[in-house]
Amino acid sequence: MNEVLYTVKVGIAGLDIVEHPGTISTIGLGSCVGAVIYDEQIRIAGLVHVMLPDSSISKVSEFKRGKFADTGIAAIIEMLLQKNAKKNRMKAKIAGGAQMFTSHSREDTIRIGPRNIDAVREVLAEHKIPIIAEDVGGNKGRTIEFSTENLLLKVRTIQQGEQFI
Amino acid sequence: MSHPFDYTAVHKDVLKEIANIGAGNAATSLSEMVNQPIHMKTPVVHVVSFDEMMEKAGGKEEVQAAIHVELQGRLKGSMFFVVDPVEADEFVGLLTGNQNLSLLEGDSLATSAFVELGNILTGSYVRALSDFTNLEIHQSVPSIAIDMLGAMLTIGLIEISQVSDDAIMIETVFIDETTDKKPLQGHFILLPDPDAFQQIFEALGVEGHE
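Chains as they are written, first to last, in the numbering used here: chain A, 1 to 165; chain B, 1 to 210.
No wet-lab data here; the hints were simulated from the structure.
We put the CB at the ideal spot given by N, CA and C, even for glycine.
There could be a bad hint or two in this list.
Sample of chain A residues lacking proximity to chain B, with all beta carbon distances greater than 10 Å (derived) [claimed, not checked]:
1. Glu19
2. Leu52
3. Phe63
4. Lys64
5. Glu78
6. Lys83
7. Ile112
8. Ile132
9. Asn139
Computed list of lysine to aspartate or glutamate pairs in DMTMM-like fashion (alpha-carbon distance at most 25 Å, straight line) [stated by the list, open to error]:
10. A:Lys64 with B:Asp165
11. A:Lys9 with B:Glu177
12. B:Lys56 with B:Glu207
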């Protein structure tokens with residue numbers, strides 16, 4: 001019997017996981033960064049749609065964990081571990097972190113894309129999860145979809161169409 | 001601390017009213033520029049999640065032409081003027097008298113005409129907003145992007161996302177119905193920074209929510 005392919009959709013500041021043979025996607029990354037963490041042995045993957053670099057800048061104590069690189073990535077790792085993934089087998093692919101506009105006066109807003117990229121890289125390094133592929137920066141919006149079947153991340157942009165990393 | 005968006009109907013009405021005045025002024029500017037009557041729909045105030053906001057604005061993956069300006073001074077936030085790229089070309093055609101310019105194909109004349117259009121319209125909106133609230137508001141140099149709506153609008157959520165999982169989007173749609181073809185449509189999306197709301201309510205003598 002053929003298994004039906006299904007896609008788990010992750011919203012802004014959201015996070016989720018998918019088991020084989022599903023795919024997991026998030027739409028319209030601008031300055032946000034989409035980070036996929038997967039265990040290729042048991043073919044399970046998690047995705048977080050990071051809006052901001054670090055939860056220390058939150059002015060409230062309750063928030064969606066996926067909003068920040070540190071809390072979002074930690075949450076995904078936890079969810080994957082509960083599904084019997086092993087941390088030493090985890091790998092990552094990341095995309096996003098663009099600068100869509102140049103109309104900002106505040107330095108922190110201009111640099112939010114690059115800051116998100118840096119934060120995601122740092123947090124992954126702290127967890128000793130290697131980044132296998134990335135498509136980051138620039139000034140283009142990206143829609144991404146990760147397949148637990150071939151472990152490729154499909155990155156779609158308006159100008160360049162689809163590419164797999 | 002109360003929920004940052006625990007607003008009553010009165011607060012929403014105030015936000016609608018400032019959008020009415022701002023966008024009304026911009027619609028007048030636009031109709032003078034293109035020499036055609038431009039109608040404006042009643043502004044809508046959405047207090048919604050980030051995902052819902054993108055849906056309300058037209059869908060995360062919809063390719064749109066957007067002008068972004070940052071509001072500075074006493075009222076901070078982001079403003080977008082968003083138009084379908086093909087309809088944006090028609091606006092460019094009305095302004096330049098050249099119907100063959102295309103934003104999607106990267107014509108620099110189309111781009112600069114559209115940025116100028118956005119600059120004038122957001123400028124009229126902001127001026128009316130500033131006059132009405134008596135708050136000093138400046139706008140940054142405008143910047144253009146033609147891309148997925150979701151990728152573009154999140155830049156207006158950087159400040160609010162530090163205090164909330166919800167956004168407040170003040171949206172006004174305007175329509176040029178004089179053409180025989182499909183009417184031209186565009187919208188203004190105002191995303192004030194969280195502190196801006198109290199500034200607005202105080203300036204207009206409306207009791208705060210706290």
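Would the least Cβ to Cβ distance between Glu19 (chain A) and chain B come out above 10 Å? holds, 23 Å
Was Ile112 (chain A) rightly flagged as not at the interface, with every chain B Cβ beyond 10 Å? Given a closest Cβ separation of 6 Å, the condition is violated.
Holds or violated: Lys9 (chain A) and Glu177 (chain B), Cα atoms, limit 25 Å. Not satisfied, since the Cα-Cα distance of roughly 37 Å exceeds 25 Å.
Over 10 Å to the closest beta carbon of chain B is the bar; see if Glu78 (chain A) clears it. holds, 20 Å
Distal placement of Asn139 (chain A) relative to chain B, Cβ over 10 Å: violated, 7 Å
Just checking, Phe63 (chain A) versus chain B, shortest CB gap more than 10 Å? The claim breaks: Phe63 (chain A) does not keep its Cβ more than 10 Å from every Cβ of chain B (closest is about 6 Å).
Decide, holds or violated, for the assertion that all CB atoms of chain B are farther than 10 Å from the CB of Lys83 (chain A). holds, 25 Å
Decide if the proposed pair is consistent with the structure: Lys64 (chain A) and Asp165 (chain B), CA atoms, cutoff 25 Å inclusive. Holds - the C-alpha atoms of Asp165 (chain B) and Lys64 (chain A) are around 7 Å apart, at most 25 Å.
Regarding the assertion that Lys64 (chain A) does not contact chain B, is the least Cβ-Cβ distance greater than 10 Å? At roughly 5 Å from the nearest Cβ of chain B, Lys64 (chain A) sits no farther out than 10 Å, so the non-interface label is violated.
Please check whether the beta-carbon of Leu52 (chain A) is more than 10 Å away from every beta-carbon in chain B. It is violated; Leu52 (chain A) is separated from chain B by about 6 Å at its closest Cβ, not greater than 10 Å.
Given the hinted pair Lys56 (chain B) and Glu207 (chain B), is their Cα-Cα distance within 25 Å? violated, 29 Å
Verdict on Ile132 (chain A) as a residue remote from chain B, using beta-carbon distances over 10 Å: holds, 24 Å
Taken one by one, the earlier hints fail for this structure at numbers 2, 3, 4, 7, 9, 11 and 12, listed in ascending order.
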